[in-house]
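Line by line, the protein sequences give chains A and B.
Residues 0 to 267, numbered by numbering that gives the first Met the number 0, are exactly what the first sequence covers, in order.
Residues 0 to 287, numbered by numbering that gives the first Met the number 0, are exactly what the second sequence covers, in order.
Just so you know, these hints were derived from the structure itself, not from any lab.
Be careful, since some hints might not be right.
To be verified - Residues of chain B placed beyond 12 Å of chain A at every Cβ, according to the derived structure:
(1) 12
(2) 22
(3) 27
(4) 34
(5) 45
(6) 57
(7) 118
(8) 185
(9) 192
(10) 195
(11) 221
(12) 223
(13) 224
(14) 234
(15) 244
(16) 282
Unchecked claim - Below, in silico cross-link-like pairs of lysine to any residue (SDA-like), each with a Cα-Cα straight-line distance of 20 Å or less:
(17) A:237 <-> B:139
(18) B:144 <-> A:132
(19) A:240 <-> B:122
(20) B:144 <-> A:11
(21) B:139 <-> A:133
(22) B:139 <-> A:9
(23) A:67 <-> A:52
(24) B:139 <-> A:14
(25) B:119 <-> A:232
(26) B:144 <-> A:214
(27) B:139 <-> A:235
(28) B:127 <-> A:235
(29) B:144 <-> A:131
(30) B:144 <-> A:162
(31) B:54 <-> B:138
(32) B:257 <-> B:271
(33) B:54 <-> A:223
(34) A:237 <-> B:119
(35) A:237 <-> B:117
(36) A:237 <-> B:140
(37) B:119 <-> A:238
(38) B:139 <-> A:12
(39) B:54 <-> A:220
(40) B:162 <-> A:162
Cβ atoms here follow ideal geometry from the backbone N, Cα and C, with glycine treated the same way.
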Amino acid sequence: MIRDITLGQYYPENSIIHRLDPRVKIVGTLVYLVSLFLFKSFWGYIPTMIFLFSCIHLSKVPFKHIVKGLKAVVMLLMFTLICNIIFTRGEVPLFEWKFIRIYPEGLRTAGFMGIRLTLLITGSSLMTFTTTPTQLTDGLERLFAPLKLFKVPVHEVAMMMSIALRFIPVLLEETDKIMKAQQARGADFEEGNIFQRAKAMVPILVPLFISSFRRAGDLAMAMEVRCYHGGEGRTRMKPLKYKGRDFIAYGVQLLYLAALILVRIFLG
Amino acid sequence: MIRTKELAFDYIRRDEEGNVESVTRALDDININVKQGDFVAILGANGSGKSTLAKHLNAILMPTEGEVWVNGIKTTDEDNLLEIRKNAGMVFQNPDNQIILTVVEEDVGFGPENLGVPTKEIWERVEKVLKSVGMLEFRKDSPNKLSGGQKQRVAIAGIMAMKPKCIILDEPTAMLDPVGRKEVIATARELNKKEGVTVILITHYMEEVTGADVVFVMDSGKVVMTGTPRQIFSRVDQLKQFRLDVPQVTALAHDLRKKGVPLPEGILTPEEFEEAFTRACDARGGAI
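Pulled out of the complex, with its shape left as it was, chain A reads as follows:
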């Protein structure tokens, strides 16, 4: 059933990582992503892996579940690996066949990039596994709040994001309904080449657009009825508040960053 789709990939569990303030997790993910690009030698992977695996362990998200999430990017990963192996030039080729020459340098870069990409994806998906979409938008709203000084409509953008998240399943269900209605009248979405199939999508998209506009109008009215008037003078039901554990987490992030900077200085 389409309505069972849980949005994003939130994995409900009651762990310390899940309970952390979303702002800590967003900042932590950024720190982690930056840290991956700090070093050029394999030594750097020791602290990053220790950091990542302890986070995964603390989050209680099963490792299998995380690996499953990687499946979606296997193609991208393979593509990067092959490109790196083929196109990196060195001095002494290891292997030669027609125009393909493979150098040891190529294998090294490919390995390095492969590990980096895998860690990058695992790290950022850990955040979406442990944070609900609502928490994420709340966290982003608070983190970007200073931009309000420059007249960036932070609250409004966050509200738009959470409404979009709320309506994705509703619209999916609607698409399903429209497709069935069109199929019942003889529309064919499965046959023909890619252009014909793309063309067959038009009679789905048009009614979908029209009904979304109608929905948007209704929703705007429902929001007005409930006294929505922008972010001004608004209180929160679940305000974000830093607790002791959040400051500790920030401390850990700082230590981690410091460790990697040391690796960069002494080991390259």
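Got chain A sorted already, so can you dock chain B onto it with the hints?
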């Protein structure tokens, strides 16, 4: 509580240059008065102007002529818009399009958040209203998993959390199945009885109207009949003129009466019918 005086509203259709193409009078000379604590029903066929009237009662639409007063405040008074909307909450037809956030309890808290209610009080209000609509056990769920009737109860809770004096239900059951319809109407009744909230129910289902204190019947933008459900349903032939049906038992009693069975007019429930019919049989010595 809510009062309208010579209220009229025109829908103006304009062409691309902004010139007036046609003017449709959707409401015409409406004078109604709703008392605090009443359960009021507004009946009317499609296009009779009942939804347009509803939208005037909490300042979504502004009158073309005449005035609307909500709790002593005129709706054209822009500075008091929030006060008006807080006092007269509204629930719409489509349950999907009025739930704004992704978790039931957060959505119910949306109204109080907008009003600037302190966090602790929001939690108390959310718990209380979810309990009063019987949805407390679903508080952590996604609204997408609920049935139509449940969604509509959540929508009612979302309005109730703003502590309104009056709630306006604009055909809240039109998109629901019979079970959901019963749930929603029962919830509205209970809020009216237990919490003393004024309920204005707009509908074209006759069965939902029988328990109301006052019924207004609308046709082409005018209020054409006013009275208790019994008074209204005694005039079956007149209702048919306005493209409205009466509850099945009422229609049956009406037809039997025409055929000469001595039944009173305005029978509203099957129980009443049974009693009156038995009495009629007894009076004739058991044979009709």
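Hint check results:
The beta carbon of residue 12 of chain B is kept farther than 12 Å from every beta carbon of chain A, the shortest such distance being approximately 17 Å. Consistency note on residue 22 of chain B: stated as away from chain A, and its beta-carbon is indeed over 12 Å from all of that chain's, at 22 Å minimum. At roughly 24 Å, the least C-beta separation between residue 27 of chain B and chain A is larger than 12 Å, which holds for a residue marked as non-interface. In this structure residue 34 of chain B is separated from chain A by more than 12 Å, as the shortest Cβ-Cβ distance comes to about 23 Å.
No Cβ of chain A approaches the Cβ of residue 45 of chain B within 12 Å, the least distance being about 17 Å, so the stated non-interface status holds. Chain A draws residue 57 of chain B into its interface by the beta-carbon criterion, the shortest separation being 6 Å against a cut-off of 12 Å. Not every beta carbon of chain A lies more than 12 Å from that of residue 118 of chain B, the smallest distance being close to 6 Å; the non-interface claim is violated. Look at residue 185 of chain B: its CB is around 23 Å from the nearest CB on chain A, clear of 12 Å, so calling it non-interface holds up.
In this structure residue 192 of chain B is separated from chain A by more than 12 Å, as the shortest Cβ-Cβ distance comes to about 24 Å. For residue 195 of chain B, the shortest C-beta to C-beta distance to chain A comes to about 21 Å, beyond the 12 Å cut-off, and the non-interface label holds. Non-interface status of residue 221 of chain B relative to chain A is upheld: no Cβ of that chain comes within 12 Å, the nearest being about 25 Å off. Non-interface call for residue 223 of chain B relative to chain A: holds, since the shortest CB-CB distance, roughly 27 Å, exceeds 12 Å.
The beta carbon of residue 224 of chain B sits about 28 Å from the closest Cβ of chain A, which is more than 12 Å, so the claim that it is off the interface holds. In this structure residue 234 of chain B is separated from chain A by more than 12 Å, as the shortest Cβ-Cβ distance comes to about 34 Å. For residue 244 of chain B, the requirement that its beta carbon stay farther than 12 Å from each beta carbon of chain A is met, with the minimum near 28 Å. Distance to chain A confirms residue 282 of chain B as a non-interface residue, since its nearest Cβ pair spans about 53 Å, more than 12 Å.
This hinted pair checks out: residue 237 of chain A and residue 139 of chain B have alpha carbons roughly 13 Å apart, not beyond 20 Å. For the hint linking residue 144 of chain B to residue 132 of chain A, the alpha-carbon distance of about 17 Å falls within 20 Å, and the restraint holds. Of the supplied pair hints, the one linking residue 240 of chain A and residue 122 of chain B holds, its CA atoms being roughly 16 Å apart against a limit of 20 Å. Simply put, residue 144 of chain B and residue 11 of chain A have alpha-carbon atoms about 17 Å apart, close enough for the 20 Å limit, and the pair holds.
Proposed proximity of residue 139 of chain B and residue 133 of chain A is supported: the alpha carbons are some 13 Å apart, at most 20 Å. This hinted pair checks out: residue 139 of chain B and residue 9 of chain A have alpha carbons roughly 15 Å apart, not beyond 20 Å. Between residue 67 of chain A and residue 52 of chain A the CA atoms are separated by roughly 16 Å; this keeps the pair inside 20 Å, and the hint holds. With a C-alpha separation of about 18 Å, the suggested pair residue 139 of chain B and residue 14 of chain A falls inside the 20 Å cut-off, and the hint holds.
Among the hinted pairs, residue 119 of chain B with residue 232 of chain A is consistent with the structure: their alpha-carbon atoms are about 16 Å apart, no more than 20 Å. For the suggested pair residue 144 of chain B and residue 214 of chain A, the alpha carbons sit about 19 Å apart, so the restraint of at most 20 Å is met. For the hint linking residue 139 of chain B to residue 235 of chain A, the alpha-carbon distance of about 17 Å falls within 20 Å, and the restraint holds. Taken as a hint, the residue 127 of chain B and residue 235 of chain A pair is honoured in the structure, with Cα atoms around 18 Å apart against an allowance of 20 Å.
Note on residue 144 of chain B and residue 131 of chain A: the hinted pairing holds, with a Cα-Cα distance of about 17 Å set against a maximum of 20 Å. With a C-alpha separation of about 17 Å, the suggested pairing of residue 144 of chain B with residue 162 of chain A holds against the 20 Å cut-off. At roughly 29 Å between alpha-carbon atoms, residue 54 of chain B and residue 138 of chain B are farther apart than 20 Å, so this suggested pair is violated. A distance of roughly 18 Å separates the Cα atoms of residue 257 of chain B and residue 271 of chain B; the hinted pair therefore holds under the 20 Å criterion.
Between residue 54 of chain B and residue 223 of chain A, the direct Cα distance comes to roughly 12 Å. Compliance with the 20 Å bound is thereby established for this hinted pair. Restraint check for residue 237 of chain A and residue 119 of chain B: satisfied, since their Cα atoms lie roughly 9 Å apart, inside the 20 Å limit. The straight-line distance between the Cα atoms of residue 237 of chain A and residue 117 of chain B is roughly 11 Å, inside the 20 Å bound, and the hint therefore holds. Distance restraint check for residue 237 of chain A and residue 140 of chain B: the Cα-Cα separation of roughly 16 Å lies within the 20 Å cut-off, and the hinted pair is therefore satisfied.
This hinted pair checks out: residue 119 of chain B and residue 238 of chain A have alpha carbons roughly 11 Å apart, not beyond 20 Å. This hinted pair checks out: residue 139 of chain B and residue 12 of chain A have alpha carbons roughly 14 Å apart, not beyond 20 Å. The hinted pair formed by residue 54 of chain B and residue 220 of chain A meets the criterion: a straight-line CA distance of about 10 Å does not exceed 20 Å. Using a Cα cut-off of 20 Å, the hinted pair residue 162 of chain B and residue 162 of chain A is violated, with the two alpha carbons roughly 24 Å apart.
Checked against the numbered hints above, the structure violates hints 6, 7, 31 and 40; every other hint is satisfied.
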